[in-house]
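Protein sequence lines, in the order shown, are assigned to chains A and B.
Take 1 as the starting number for the first sequence in full-length UniProt numbering and just add one per residue.
Take 1 as the starting number for the second sequence in full-length UniProt numbering and just add one per residue.
Be a bit skeptical, because a hint or two may be false.
Identical copies look the same in the list; a pair holds intra-copy or inter-copy alike.
List of simulated lysine to aspartate or glutamate pairs, EDC-like, C-alpha gap at most 16 Å [to be verified]:
{"no.": "1", "residue 1": "Lys223", "residue 2": "Asp200"}
{"no.": "2", "residue 1": "Lys45", "residue 2": "Asp86"}
{"no.": "3", "residue 1": "Lys289", "residue 2": "Asp310"}
{"no.": "4", "residue 1": "Lys219", "residue 2": "Asp200"}
{"no.": "5", "residue 1": "Lys441", "residue 2": "Asp386"}
{"no.": "6", "residue 1": "Lys246", "residue 2": "Asp424"}
{"no.": "7", "residue 1": "Lys219", "residue 2": "Asp231"}
{"no.": "8", "residue 1": "Lys109", "residue 2": "Asp386"}
{"no.": "9", "residue 1": "Lys244", "residue 2": "Asp424"}
{"no.": "10", "residue 1": "Lys244", "residue 2": "Asp272"}
{"no.": "11", "residue 1": "Lys300", "residue 2": "Asp272"}
{"no.": "12", "residue 1": "Lys441", "residue 2": "Asp112"}
{"no.": "13", "residue 1": "Lys61", "residue 2": "Asp77"}
No lab work stands behind these hints, which were simulated from the structure alone.
Protein chains: 2
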Amino acid sequence: MSLTNDSPEVAAAAAKTASFTLASLPASARNEALEAIHAALTASKDEILAANARDLELARKAAADGKLSQALVSRLDLGKKGKWEDMLQGILDVRDLEDPVGKVSLRTKLDDNLNLERVSCPIGVLLIIFEARPEVIANIASLAIKSGNAAILKGGKESTESFIAISQVISSALSTTQVPNSAIQLVTTRDVILQLLSQDRSIDLVIPRGSNELVRYIKENTKIPVLGHADGLCSIYLTASADKDKAAVAIVDSKTSYPAACNSVETLLVQDKALSTIFPGVAAALALKGVTLRLDAASKAALSSTTLPDGTVLDATPEDYDTEHLSLTLAVKTVSSVEEAILHINTHGSHHTDSIFTSDGAEAEHFMNQVDSAGVYWNASTRLADGMRYGFGTEVGISTNKIHSRGPVGLDGLTIYKYKIRGDYQPTAQYGEGEGKRPWKHERLAF
Amino acid sequence: MSLTNDSPEVAAAAAKTASFTLASLPASARNEALEAIHAALTASKDEILAANARDLELARKAAADGKLSQALVSRLDLGKKGKWEDMLQGILDVRDLEDPVGKVSLRTKLDDNLNLERVSCPIGVLLIIFEARPEVIANIASLAIKSGNAAILKGGKESTESFIAISQVISSALSTTQVPNSAIQLVTTRDVILQLLSQDRSIDLVIPRGSNELVRYIKENTKIPVLGHADGLCSIYLTASADKDKAAVAIVDSKTSYPAACNSVETLLVQDKALSTIFPGVAAALALKGVTLRLDAASKAALSSTTLPDGTVLDATPEDYDTEHLSLTLAVKTVSSVEEAILHINTHGSHHTDSIFTSDGAEAEHFMNQVDSAGVYWNASTRLADGMRYGFGTEVGISTNKIHSRGPVGLDGLTIYKYKIRGDYQPTAQYGEGEGKRPWKHERLAF
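Let's have the full structure, built from the sequences with the hints guiding it.
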């Protein structure tokens with residue numbers, strides 16, 4: 001890793017050159033680099049935490065002056081219980097994942113001594129833009145090296161001292177390995193994000209790690225593909241055939257287990273027939289957890305005989321169904337059918353994760369086929385949308401894109417493939433149908 | 001299919017709505033739609049060819065006035081021997097391909113009664129912009145319907161009469177099927193390309209079918225992902241260990257079997273040691289086929305005692321190594337090593353298809369790993385880069401993108417996946433490590 005003061009253009013070109021070397025390193029060399037980083041960070045804990053303390057001091061002053069939120073200060077703190085250990089363990093966890101590079105997904109005999117092979121390979125150069133959490137730099141450097149991608153990292157300015165300390169440690173650790181120095185670069189110069197976003201000749205993929213605003217800004221300002229999602233407006237459609245008690249548990253989980261997460265439910269669509277049967281119990285369970293309900297007229301009327309804490313019941317505005325509240329607020333809307341629910345979700349949702357609660361399997365399959373989202377669930381909490389929970393071992397991000405990777409993205413989202421052909425100089429003009437032409441064999445081979 | 005005069009925004013929104021219905025049709029319904037199109041076009045041959053004749057008449061006048069190339073006039077002609085039959089057969093060929101929708105590529109048991117599944121599904125709405133060939137409309141409509149994608153088609157104005165005739169036939173054919181009318185729309189209003197390219201809320205992927213200029217223009221003017229390639233600057237690296245006679249045959253094939261194709265070789269890199277041994281025979285074979293060589297000093301000197309037709313040998317300029325000649329012109333450059341060849345290709349190439357000719361397997365593997373192209377070949381003609389030749393049965397295009405699809409793209413390049421979870425309302429908060437927590441099972445299931 002190098003701490004670069006080069007221009008974004010020079011940094012990106014250097015990363016591109018380094019990416020070719022990194023892409024051809026064997027898994028053992030990439031894993032050794034992760035071990036070297038782990039060892040070096042372990043040995044440098046004191047100096048990194050000292051640098052982090054300087055960031056924290058500035059941030060606390062800014063917070064005291066009302067210029068920074070307390071939440072951000074808290075996210076900055078590398079010394080918080082377990083954070084340092086988690087960061088280090090994360091590096092070893094990434095090392096232990098299956099190598100995503102060099103996987104063969106197709107092998108075809110085109111003719112004798114003429115074989116086609118599709119092999120996974122790194123994408124090239126990643127640009128990773130993140131905000132305050134200093135531990136992200138170790139996580140991201142690990143993911144990039146493991147997947148054979150070069151990376152340019154640009155972190156939030158509040159963590160500058162921590163980033164510099166960590167990157168110097170990583171840099172000297174990598175110098176003992178086969179990973180080229182320019183493969184992982186930290187850009188610390190200010191106000192370079194727009195310039196980085198214009199390096200579409202050298203940078204192949206942008207990965208934002210931060211707020212919706214950051215992601216939206218990046219998507220608006222680059223031609224480079226962006227892996228991620230700006231919004232997480234997830235819905236649950238509660239039908240009259242759902243299990244009353246279990247539905248309440250799952251909706252409470254979807255809303256309250258981490259309200260600020262992108263996979264928390266924001267809109268509850270209630271079938272009209274469920275208003276008087278299942279919905280009051282669900283509302284009561286949510287209210288118990290402090291959730292405020294923003295209701296349409298029908299769902300509000302359905303709660304008229306349910307005793308709820310003051311302030312639980314509010315009238316919904318049209319904007320509520322397009323808002324990611326990220327808090328203990330849930331918009332509720334009455335619909336008459338699964339078709340209406342699907343239409344609402346495809347129109348107002350963010351194509352992230354949506355669930356139907358029903359005992360009717362055919363209705364559930366119809367919902368899952370028609371809802372245009374990365375995750376479509378049947379009787380399941382929207383909070384399942386997560387790379388660790390899916391069993392991917394890590395998560396690069398959650399994508400609402402319609403191409404390449406969708407939903408929680410694991411390491412293989414950082415790869416693409418190339419086609420290799422090994423032949424014996426056969427001229428293509430000899431092949432085809434008809435007299436004197438040689439037919440293609442096109443035999444699928446095992447891999 | 002509808003022939004729309006709606007605004008691009010309205011057309012795109014209607015296509016999006018139709019895409020949800022189309023996406024959930026079974027393969028049988030999509031195949032029946034293809035058969036209906038085939039039957040209707042067969043029955044309407046005369047009226048379509050009459051419309052095509054009107055386009056041709058205008059085009060011939062324009063060509064006589066020097067406003068249109070003769071090559072374009074020739075491409076317009078649907079009555080040319082075999083073209084009509086090929087167009088119709090192409091529809092049936094697409095019908096017979098394996099269904100790319102609904103393929104399961106991952107199945108994991110997260111817990112008892114909680115199963116994750118990754119299933120392929122259509123991308124959504126395609127925008128296909130093409131130039132003069134009227135038969136493309138049938139091909140593209142078939143590919144879209146087969147893959148369950150809605151499509152907006154915008155063709156070149158020279159084929160307007162043909163497009164309208166074909167689309168009216170397809171439209172009435174589809175009205176007897178389950179494919180919604182707005183799923184395939186032909187836009188005939190003029191000058192709407194830029195407006196279509198700005199519909200990134202409704203359109204998910206742009207597929208240009210036409211000249212480099214068209215592709216480059218589209219890539220420069222949209223935030224929607226574009227599947228395709230602007231340039232095809234393919235190279236062959238000829239080493240001293242290559243088979244002398246076979247190499248000449250394969251290089252002649254790469255250059256001359258279809259010089260205007262994107263997969264034809266444009267630059268020959270010659271190892272210095274091969275200049276006096278293999279290269280003269282290669283040059284003579286190319287010259288026999290009418291190829292003009294643009295040579296650097298060393299390669300030119302190597303031909304001093306080879307008798308070649310007048311005009312075969314020219315001096316290369318630096319621009320020649322960045323030019324896709326698309327004609328019987330080949331740039332030749334001398335390099336001293338595979339490293340130099342790799343660097344040249346990664347710097348000057350278009351990441352399309354590049355080949356090394358060598359008897360050294362280790363050198364070939366190194367080349368294939370380090371060259372950053374969709375196709376990397378060993379002793380094989382660059383002209384192999386083609387969906388039919390790869391055995392995909394069809395070709396949507398050839399992509400030089402670094403994400404989603406790379407190289408010749410078959411039907412599966414028009415799909416993405418969604419994650420389905422079928423559960424029993426389990427709250428996620430109960431899972432994790434530590435006391436009182438329930439561990440994830442994460443068992444891979446067969447599919």
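For each hint, the structure was consulted:
{"no.": "1", "hint": "Lys223 <-> Asp200", "result": "both (7 Å within a copy, 13 Å between copies)"}
{"no.": "2", "hint": "Lys45 <-> Asp86", "result": "within (13 Å within a copy, 69 Å between copies)"}
{"no.": "3", "hint": "Lys289 <-> Asp310", "result": "within (13 Å within a copy, 88 Å between copies)"}
{"no.": "4", "hint": "Lys219 <-> Asp200", "result": "both (13 Å within a copy, 12 Å between copies)"}
{"no.": "5", "hint": "Lys441 <-> Asp386", "result": "between (43 Å within a copy, 15 Å between copies)"}
{"no.": "6", "hint": "Lys246 <-> Asp424", "result": "between (64 Å within a copy, 8 Å between copies)"}
{"no.": "7", "hint": "Lys219 <-> Asp231", "result": "within (12 Å within a copy, 26 Å between copies)"}
{"no.": "8", "hint": "Lys109 <-> Asp386", "result": "between (39 Å within a copy, 15 Å between copies)"}
{"no.": "9", "hint": "Lys244 <-> Asp424", "result": "between (67 Å within a copy, 12 Å between copies)"}
{"no.": "10", "hint": "Lys244 <-> Asp272", "result": "within (15 Å within a copy, 79 Å between copies)"}
{"no.": "11", "hint": "Lys300 <-> Asp272", "result": "within (12 Å within a copy, 83 Å between copies)"}
{"no.": "12", "hint": "Lys441 <-> Asp112", "result": "within (8 Å within a copy, 45 Å between copies)"}
{"no.": "13", "hint": "Lys61 <-> Asp77", "result": "within (14 Å within a copy, 75 Å between copies)"}
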